[in-house]
Amino acid sequence: MKNMNLCYLMWLRNIAALKITLLVRMAERDMAGQTLYDKLWAAHLVKERDDGTALLYIDRHLVHEVTSPQAFEGLRLAGRSPWRVTANLATPDHNVPTEAVERSGGVEAIADEVSRIQVRTLDENCNEFGITEFSINDVRQGIVHVVGPEQGATLPGMTVVCGDSHTATHGALGALAHGIGTSEVEHVLATQCLIQKKSKNMLVRVDGELGPGVTAKDVVLAIIGKIGTAGGTGYAIEFGGDVIRKLSMEGRMTICNMAIEGGARVGMVAVDDITLDYVNGRPFAPSAAEWDEAVKYWRTLHSDSDAVFDATVVLNGADILPQVTWGTSPEMVLPINGIVPSPTDYTDPAKRSGCERALEYMGLSAGQAITDIKLDRVFIGSCTNSRIEDLREAAAVVRGKKVAANVKEALVVPGSGLVKKQAEAEGLDKIFIEAGLLWREPGCSMCLAMNADKLGAGEHCASTSNRNFEGRQGFGGRTHLVSPAMAAAAAIAGHFVDVRDWI
Amino acid sequence: MKAFTVLDGIVAPMDRANVDTDMIIPKQFLKSIKRSGFGPNLFDELRYLDEGQPGKDCSKRPLNKDFPLNFPRYQGAEILLARENFGCGSSREHAPWALEDYGFSCVIAPSFADIFFNNCFKNGILPIILPAAKVAELFTAMYADEGYKLKIDLPAQTVITPAGESIPFEVDEFRKHCLVNGLDDIGLTLQDADDIRAYESKLMTKSPWLFREHIA
Numbered sequence: 000m001k002n003m004n005l006c007y008l009m010w011l012r013n014i015a016a017l018k019i020t021l022l023v024r025m026a027e028r029d030m031a032g033q034t035l036y037d038k039l040w041a042a043h044l045v046k047e048r049d050d051g052t053a054l055l056y057i058d059r060h061l062v063h064e065v066t067s068p069q070a071f072e073g074l075r076l077a078g079r080s081p082w083r084v085t086a087n088l089a090t091p092d093h094n095v096p097t098e099a100v101e102r103s104g105g106v107e108a109i110a111d112e113v114s115r116i117q118v119r120t121l122d123e124n125c126n127e128f129g130i131t132e133f134s135i136n137d138v139r140q141g142i143v144h145v146v147g148p149e150q151g152a153t154l155p156g157m158t159v160v161c162g163d164s165h166t167a168t169h170g171a172l173g174a175l176a177h178g179i180g181t182s183e184v185e186h187v188l189a190t191q192c193l194i195q196k197k198s199k200n201m202l203v204r205v206d207g208e209l210g211p212g213v214t215a216k217d218v219v220l221a222i223i224g225k226i227g228t229a230g231g232t233g234y235a236i237e238f239g240g241d242v243i244r245k246l247s248m249e250g251r252m253t254i255c256n257m258a259i260e261g262g263a264r265v266g267m268v269a270v271d272d273i274t275l276d277y278v279n280g281r282p283f284a285p286s287a288a289e290w291d292e293a294v295k296y297w298r299t300l301h302s303d304s305d306a307v308f309d310a311t312v313v314l315n316g317a318d319i320l321p322q323v324t325w326g327t328s329p330e331m332v333l334p335i336n337g338i339v340p341s342p343t344d345y346t347d348p349a350k351r352s353g354c355e356r357a358l359e360y361m362g363l364s365a366g367q368a369i370t371d372i373k374l375d376r377v378f379i380g381s382c383t384n385s386r387i388e389d390l391r392e393a394a395a396v397v398r399g400k401k402v403a404a405n406v407k408e409a410l411v412v413p414g415s416g417l418v419k420k421q422a423e424a425e426g427l428d429k430i431f432i433e434a435g436l437l438w439r440e441p442g443c444s445m446c447l448a449m450n451a452d453k454l455g456a457g458e459h460c461a462s463t464s465n466r467n468f469e470g471r472q473g474f475g476g477r478t479h480l481v482s483p484a485m486a487a488a489a490a491i492a493g494h495f496v497d498v499r500d501w502i
Numbered sequence: 000m001k002a003f004t005v006l007d008g009i010v011a012p013m014d015r016a017n018v019d020t021d022m023i024i025p026k027q028f029l030k031s032i033k034r035s036g037f038g039p040n041l042f043d044e045l046r047y048l049d050e051g052q053p054g055k056d057c058s059k060r061p062l063n064k065d066f067p068l069n070f071p072r073y074q075g076a077e078i079l080l081a082r083e084n085f086g087c088g089s090s091r092e093h094a095p096w097a098l099e100d101y102g103f104s105c106v107i108a109p110s111f112a113d114i115f116f117n118n119c120f121k122n123g124i125l126p127i128i129l130p131a132a133k134v135a136e137l138f139t140a141m142y143a144d145e146g147y148k149l150k151i152d153l154p155a156q157t158v159i160t161p162a163g164e165s166i167p168f169e170v171d172e173f174r175k176h177c178l179v180n181g182l183d184d185i186g187l188t189l190q191d192a193d194d195i196r197a198y199e200s201k202l203m204t205k206s207p208w209l210f211r212e213h214i215a
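Keeping their order, the protein sequence lines are chains D and H. Heads up, the first sequence is in numbering that gives the first Met the number 0, so the first residue is 0 and it goes up one at a time. Heads up, the second sequence is in numbering that gives the first Met the number 0, so the first residue is 0 and it goes up one at a time.
Derived by calculation from the structure, the hints in this document are not laboratory data. Predicted, not measured: the structure shown is a model, and the values here were computed from it. Among the hints, erroneous ones may be present.
Once the Cα atoms are required to be at most 27 Å apart in a straight line, the calculated DSS-like pairs of lysine-lysine come out as [claimed, not checked]:
| hint | chain 1 | residue 1 | chain 2 | residue 2 |
| --- | --- | --- | --- | --- |
| 1 | H | K133 | D | K46 |
| 2 | H | K133 | D | K197 |
| 3 | H | K201 | D | K46 |
| 4 | H | K1 | H | K175 |
| 5 | H | K148 | H | K133 |
| 6 | H | K133 | D | K196 |
These stretches of chain D come out as covered by chain H in the derived footprint (C-beta under 8 Å, 3 or more residues) [what the hints assert, rightly or not]:
| hint | segment |
| --- | --- |
| 7 | 109-120 |
| 8 | 190-204 |
| 9 | 475-481 |
Think of the CB as a built atom: it goes at the ideal place given N, C-alpha and C, for glycine as much as any other residue.
In isolation and in its complexed conformation, chain D is listed as follows (with noise of 0.2 Å):
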């Protein structure tokens, strides 16, 4: 009896720790299983609301003088000021002249009236609302997704906005980032939150390793290739993979950066070893005590290991080559060695017209060489392509070198005033001149030409940009998107070369 007892009490036992185990795995389950983007976003959830928005609150709101304008007079109006005014920080960029002569005298020496007008109300925006602005001749000044990053102003595990579909760039960081329209601007001056719906998780990894010569650009642009420019609409994509943990911050925030042109307003990295390197001792980076703090929860920042993704990509490092655009939208690209397709190629009626309509405005022909695309200009700048790593890259190609006769101008813009300063004092400067190349002012310049450096119509640029729409850099402009390195050496050969031939 006793015996039985005893078995009876035994069993119920057994049973009691297998159902605690039991619960122990499902809340495992339930708590485990997120992804960096729902970490992000649950961290930064204020509250739910019926009718399945989100307000979601925002760390870092990065201002520019294109967007903010109308946001700042609405403020007015409506007699509201900034909810935290120090999670703000302003840049011009977009207006901004890039040779020497008119940018020293400032703001007043913009030769173009409206940039002048914009640049200027930027200014009196942050005074007035005592907003931080890198002015025009400041050396912080830059594009404004190069100097957040590079100041510590966005940093692991912060949501940040910006007016300005590139701001994914800063989730390299480990940020959940996106870009905001100019009622938002004004929403996020106010509310410090906007008005969000969740999106879906898509993972891209790229696995393997990269060949030498083959770039985060060239990886990026295969992905869009891959997935075309809508195949991330509705997703927060991560990039993840060996390569994409081997990259450099600035390689991250190249990748990040075009997540819009795969059509996803979210790309980002899980943060690393690289990103706390990166992160440390920047300006307004947390320090001792408190970055141990930081991060301690930063180091929390990536997907679990059982993550659910509603959609996985994968690409293979090695299958990676040098690629160019072709055509008129980011995922007309090809491989260095390819051939331009032909509408015959397509038997989709929609992709064949777009075929026909972007040869005819490249001035291209179906079995062309891609080698064989002389070029007019080219263009090494861009919120994609304008930080140090980039420089570096290019001048290691135009080392020694003269740019080819056929090429009229090729700029070298660099990201922010301390990318410039960091260059010249590496003598990069020097060797870009010495080669041919002009060497210009830190700003967003050619990559949509709202300031004075533009295309002519049907001139071909090789362009390390993240945009190759019609007049995107000046009306009838040919744009084919590169990296840094094939930008250079397309502006030593004056058509487009393998750069893996010259390493």
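Guided by the hints, dock chain H onto chain D, whose structure is given.
Just chain H now, kept in the frame of chain D:
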């Protein structure tokens, strides 16, 4: 956004159908960096005899004496009486911005273009849809009576004529709530200000480095 409850205002006519947003505010004014100041260029091509350009001083421009908004009797008007499909064309928010800046808070018409209709609510303007026959009656009464006013009672959803007639109108409950309380998206979010503050104070404990001030 300013609240809209009861408005007792002078009525001015825009007596033509299909008034498009280009007519409301021509494209050359969209270059502005401001959201305000479009009022002097509202209906620019109808109101002035010369071509309007940004920065041109409108007080020195020749007025079209035949355009009703230039008539002394309609000065200070706050209600615009219009015909079918008012606000068609582009989605520019500059159109309601121009109407609002001029001084209009309400547009009455038999029908509106969708986007314009939505944009009005975001900018404190009440668009009222009344049957075409009723709008025609209002036009007749307005023309006959200098200084003709209408009383718009949004909470009661009625337009009251000087003769004492009360004309009911429909309005979406949520939009009415926003207008009556002067709530735009920002206003709505600010209703959750306590939640935002509560979140912020938790964040300050968890991630204090986010709140450090940095001197430029």
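With the threshold set at 27 Å, check whether the alpha-carbon distance from K201 of chain H to K46 of chain D stays at or below it. Cα-Cα ~14 Å, so holds.
When I compare C-beta atoms, does the segment 109-120 of chain D have three or more residues closer than 8 Å to chain H? holds (count 4)
Would you check the hint for K133 of chain H and K46 of chain D, treating anything up to 27 Å between C-alpha atoms as holding? violated (45 Å)
Taken at face value, is the distance from the CA of K175 of chain H to the CA of K1 of chain H at most 27 Å? holds (13 Å)
With a C-beta cutoff of 8 Å, work out whether three or more residues of the segment 475-481 of chain D approach chain H closely enough for the coverage to hold. violated (count 0)
Restraint status (C-alpha distance of K133 of chain H to K196 of chain D at most 27 Å): Roughly 42 Å separates the two Cα atoms, so the pair is violated.
With a cut-off of 8 Å between beta carbons, are at least three residues of the segment 190-204 of chain D near chain H? Held - the segment 190-204 of chain D has 4 residues with a Cβ nearer than 8 Å to chain H, which meets the minimum of three.
Hinted pair K133 of chain H and K197 of chain D, Cα distance within 27 Å: The given pair, whose Cα atoms are some 46 Å apart, is violated under the 27 Å limit.
Holds or violated: are the alpha carbons of K148 of chain H and K133 of chain H at most 27 Å from each other? Roughly 16 Å between the alpha carbons, so the hint for K148 of chain H and K133 of chain H holds.
Hint compliance for this structure: hints 1, 2, 6, 9 are not met, and every other hint is.
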